[in-house]
Amino acid sequence: MNQVMVVPFPGRGHINPMLNLCNRLSSRSCTTIFTVVVTEEWLGFLNPDPEQDNIRFATIPNVLPSELNRGSDVVGFLTAVNTKMEGPFVEVLDQTEFPVTLIIADGAMGWPFDVANRRNIPVAMYWPMSASTLSVSHHVDLLESHHHLFVDVSGNFFNSEAELCVSYELSKFYFIY
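Numbered according to numbering that gives the first Met the number 0, the sequence shown terminates at residue 176, and the numbering increases by one at each position without gaps.
Please keep in mind that the hints were generated in silico from the structure rather than gathered at the bench. Note that the Cβ used here is the ideal one computed from N, Cα and C, for glycine as well. Among these hints, one or two may not hold up.
[Claimed, not checked] Here are the computed lysine to aspartate or glutamate pairs in the EDC-like style, where the Cα-Cα straight-line distance is at most 20 Å:
no.	residue 1	residue 2
1	K83	D72
2	K83	E66
3	K83	E96
4	K83	D48
5	K83	D140
6	K83	E40
[Unchecked claim] Have a look at the derived ranges for each label pair, beta carbon to beta carbon:
no.	residue 1	residue 2	range
7	M128	L67	19 to 25 Å
8	D48	H147	41 to 47 Å
9	V73	F44	18 to 24 Å
10	K83	D140	22 to 28 Å
11	T100	S134	27 to 33 Å
12	T100	D48	19 to 25 Å
13	P16	N116	19 to 25 Å
14	H146	T100	43 to 49 Å
15	N22	M0	14 to 20 Å
16	T30	L67	51 to 57 Å
17	F97	N46	22 to 28 Å
18	D140	E96	37 to 43 Å
19	L42	G86	16 to 22 Å
20	C29	S144	46 to 52 Å
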């Protein structure tokens, strides 16, 4: 049995597309288990299909502000996503039933790629947003150097507070289209 850990960004526009990807991939393989890792709160919002044998859910504690009021402090929410989810995810990873052969992670987060690289697990980046958003995120340094941004990013806000841009070399990832 192969096991793929799936790590969506904890938001509606990210989890639903990631679940659709899992459904499509699982329909092609009966020897791969897809384990989707979400917070306890998010599992309560989802309605997992008990008939799907090869898509499972694993939960991490509610280490993030609630989905119901996260809009009141977006920076705090993004900071929590990038600082509080990694530890509980590693604990889930350590308790898997089968060896993990791949991690599929949402490109809006950086820490799943660090975890995969530290453990020598192949990682695939899934980007549920438009290609133009990925391009802007990846080229924010060029936009800034050519004075096309109307905000100051020189304070390294994106990397230290919320990691809104993908700061990894894209050549390190496998892409799923």
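To see whether the hints hold, each was checked on the structure:
1. K83 - D72: holds, 16 Å
2. K83 - E66: Cα-Cα ~15 Å, so holds.
3. K83 - E96: violated, 24 Å
4. K83 - D48: This hinted pair is violated, its Cα atoms lying about 28 Å apart.
5. K83 - D140: violated, 27 Å
6. K83 - E40: With Cα atoms ~15 Å apart, K83 and E40 stay inside 20 Å; holds.
7. M128 - L67: 19 to 25 Å: holds, 23 Å
8. D48 - H147: 41 to 47 Å: holds, 45 Å
9. V73 - F44: 18 to 24 Å: holds, 19 Å
10. K83 - D140: 22 to 28 Å: This hint holds: roughly 27 Å between Cβ atoms.
11. T100 - S134: 27 to 33 Å: Given about 30 Å between the Cβ atoms, the range holds.
12. T100 - D48: 19 to 25 Å: Since the Cβ atoms of T100 and D48 sit about 23 Å apart, the hinted range of 19 to 25 Å holds.
13. P16 - N116: 19 to 25 Å: Between P16 and N116, where Cβ atoms are some 24 Å apart, the hint holds.
14. H146 - T100: 43 to 49 Å: Because 45 Å falls inside the window, the suggested range holds.
15. N22 - M0: 14 to 20 Å: holds, 19 Å
16. T30 - L67: 51 to 57 Å: Given about 38 Å between the Cβ atoms, the range is violated.
17. F97 - N46: 22 to 28 Å: About 25 Å separates the Cβ atoms of F97 and N46, which means 22 to 28 Å holds.
18. D140 - E96: 37 to 43 Å: holds, 42 Å
19. L42 - G86: 16 to 22 Å: holds, 18 Å
20. C29 - S144: 46 to 52 Å: holds, 50 Å
Consistency note: the structure conflicts with the earlier hints numbered 3, 4, 5 and 16.
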